[in-house]
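Protein chains: 2
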Amino acid sequence: MAAIAGVDAFDLRFPTSRELDGSDAMNPDPDYSAAYVVLRTDDGPDGHGFAFTIGRGNDVCVAAIRAYAPLVVGLDLDQVIGDLGGFARRLVHDSQLRWLGPETGAVHMAAGAIINAAFDLAARTAGRPLWAYLAELSPEQLVDLVDWRYLTDALTPDEALDLLRRAEPGRAERAALLREHGYPAYATSPGWLGYSDDKMVRLAREAVADGFDLIKLKVGADLADDVRRMRLAREAVGPGVRIAVDANQRWDVDDAVRWMRELAPFDPYWIEEPTAPDDVLGHAAIRRAIAPIRVATGEHMANRVIAKQLLRSGALDVIQLDACRVGGVPENLAILLLAAKYRVPVCPHAGGVGLCELVQHLAMFDYLAVSGSTEGRAVEYVDHLHEHFTDPVRVRGGRYLAPEAPGFSAELRPETFERYGYPHGTAWSPAATGGSTG
Amino acid sequence: MAAIAGVDAFDLRFPTSRELDGSDAMNPDPDYSAAYVVLRTDDGPDGHGFAFTIGRGNDVCVAAIRAYAPLVVGLDLDQVIGDLGGFARRLVHDSQLRWLGPETGAVHMAAGAIINAAFDLAARTAGRPLWAYLAELSPEQLVDLVDWRYLTDALTPDEALDLLRRAEPGRAERAALLREHGYPAYATSPGWLGYSDDKMVRLAREAVADGFDLIKLKVGADLADDVRRMRLAREAVGPGVRIAVDANQRWDVDDAVRWMRELAPFDPYWIEEPTAPDDVLGHAAIRRAIAPIRVATGEHMANRVIAKQLLRSGALDVIQLDACRVGGVPENLAILLLAAKYRVPVCPHAGGVGLCELVQHLAMFDYLAVSGSTEGRAVEYVDHLHEHFTDPVRVRGGRYLAPEAPGFSAELRPETFERYGYPHGTAWSPAATGGSTG
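If you read the sequences in order, they're chains Y and D. So that you can map any letter, position 19 of the first sequence is 19 in my numbering, and since no number is skipped, the others follow by simple counting. So that you can map any letter, position 177 of the second sequence is 177 in my numbering, and since no number is skipped, the others follow by simple counting.
Everything labelled a hint here was simulated from the structure, so no lab data went into it. Just so you know, these numbers come straight off a predicted model, no measurement behind them.
Okay, the calculated bits of chain Y under chain D, using three or more residues with CB under 8 Å as the criterion: (1) 29–35; (2) 50–56; (3) 150–161.
Looking from chain D toward chain Y, a few residues come up when the C-beta cut is under 10 Å (computed): (4) G55; (5) S95; (6) P102; (7) E103; (8) A110; (9) T152; (10) D254; (11) T275; (12) V305.
Some residues of chain Y that are not near chain D, with every Cβ distance over 12 Å (derived): (13) A2; (14) D43; (15) G238; (16) Y269; (17) E418.
For each residue, glycine too, the CB sits at the ideal point set by N, CA and C.
Next comes chain Y alone, as it looks inside the complex (with noise of 0.2 Å):
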């Protein structure tokens, strides 16, 4: 009898702050991280995810990977994958370790690295993507996914069933629509704050001519900065192509409205999370004050919880779930759900290490299964570490590539642990870091 014959968990951090990619208001110097996790197998494929994080304390999700080890090791691989809801909620429900959230912070981002594992090795088994493995599932069979506790004011398993239903007609010409023309993308690249003027118009500029008709720059440090920037991007890219902003946080609501006033003459098509991310009621007030420019947020919120007072009480108008932050494919799966029942478009976060990689499944299935449409939807595409996957996303003419290789596209490779381990990998040795280990 075939069974998960190990957890391992690795600490493994890129030195990208050195070069202040991925820099914005609130993370000055981020160095993308992944606490890795391998579920071992004796036979068979290996089951791979991770949590992303930006430096310090991805270490503090590898202790969280290792709290959760023993519920895992041993057990039945036949059990696990045949009831993979079951096994996200014996994690997520732990009572021990959900007192350290209850499911938001470092132990819930944990259960959904090895939860996302799990998928991972599930959809190898089948010999599948994932994107596909989970729209060939039934609607029972995804309704009994997710874990109901604290949904039913807003959705019930019975309504998921309905919307999943009428999602079902079409499927297959979607499925050869994805596999020809892909799923569209926008770009982040142009806009980290730490890139001077003449960079960001050359690297909008060149994201056009890829392809890209969304881009998006940081802002929230400096309003007079931002306002340069903001015209020269509009200059660049000229009228047609949409330009998003991204506060990362940066603003208190009052602060958000003042800022976004000034920004509105360059037309931004949304401004993303202008405040903190678990502001139901700040984002709902920031929105009413700046309408039609949009709200944008969801990188950071904890849970479905969160997802549903933002998407029921008219919070935002796009929402953008994290691959990595929820508890994996079934958190990831309600909160779809959700915002199919309240038509709000799901642009999902990405960039990172590995966030591109893993999200463009939720989305390709998403457009298979759930909302069954691309209209006014993106996943966010950044250029970066991508070259560290075994099955890096395949990016053209604005558009993801529907990956073809079985999982979830979360596997590194075997030289990427050697030179980014923390903090004994040559990346980290004192000649890379001067000196330093960070």
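Start from chain Y and add chain D according to the hints.
Below, chain D alone, put in the same frame as chain Y:
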């Protein structure tokens, strides 16, 4: 120049699950634990603090304390004590560690433990118990402690100054009353879900005989059991004693309403944690449906952003801050100020290990310097594990007596470290655990 010479972290666990002390509908077998931190100085007093957990995952909080240590070791002691608000903000705003929240979960609990230890150190250095140390700060000094980010749409620094100035008259008289009569307490010891009916009834009667006029029962696992236990408790204590009930987040919104309608005939004083702690809209819906039964929550409220929304949206009748869950004294000061503005009484969460010791200081400070009132207020009291502290709480006639020793009452006795250190303490030896270490 005196400095913080070290940040020492300890994993301490008490095997409370062996007696079902602390058992409730969500937490059937807690092992009360402390991720304990000592800010070590070379001369002068050390600072003590801790995060409270219920067993597994305590190591994750210890790892998070260690992740913050490099930000703290070597800091000049006078500068830390002279700007405790700035010290707290430097920890909470650390951009890389913040990514694991923001301001929630293991990293926020760890930051809170360290920040509380710094307040312990400051109060010891001043030779004052923390409640008195805080109450002797000026309104301006108190306002400087608070992290105002994300608060100003609900409460501005100027409004807070006004609130604090209005509470200045009568402070000396209130301090004298506090020293003479103590601060109201309520009793949870009778109501753990794992106790037999007989034990619950006996303990409820004892609590009333000891002077408590508010007791609390755990509910939420089985409706018929809860109706029976509530009836027995009401018969035991009579109509004049208030009985609160606590579901520990067990329900969806509709469950909470249905359940409380069944319990209503026995006159429950409040329903505590009816659903997910960050479900602001859910609590508001429950409150509307079950009025006049009060809704209480807050022990798992991650931060001031959730508190702000709960208070301003009318989602609750009672707010229950926790000394260890949020970012230490400064964030709890923000919550006390918000509660005063929205005129919601604060009944702090306690119990566990050391929560009573800490939170009594915050309630007494609130009485002297913020709300100026004890009306409708009481601090939870559970008679467990106080013997481990060097300055344990003293509860007489249903009231907490004001602590007089300098500091935050957070220090554990040296022999406790040896016995309850995890996993090598004697309480966790194979002989003590029957062969398992939990």
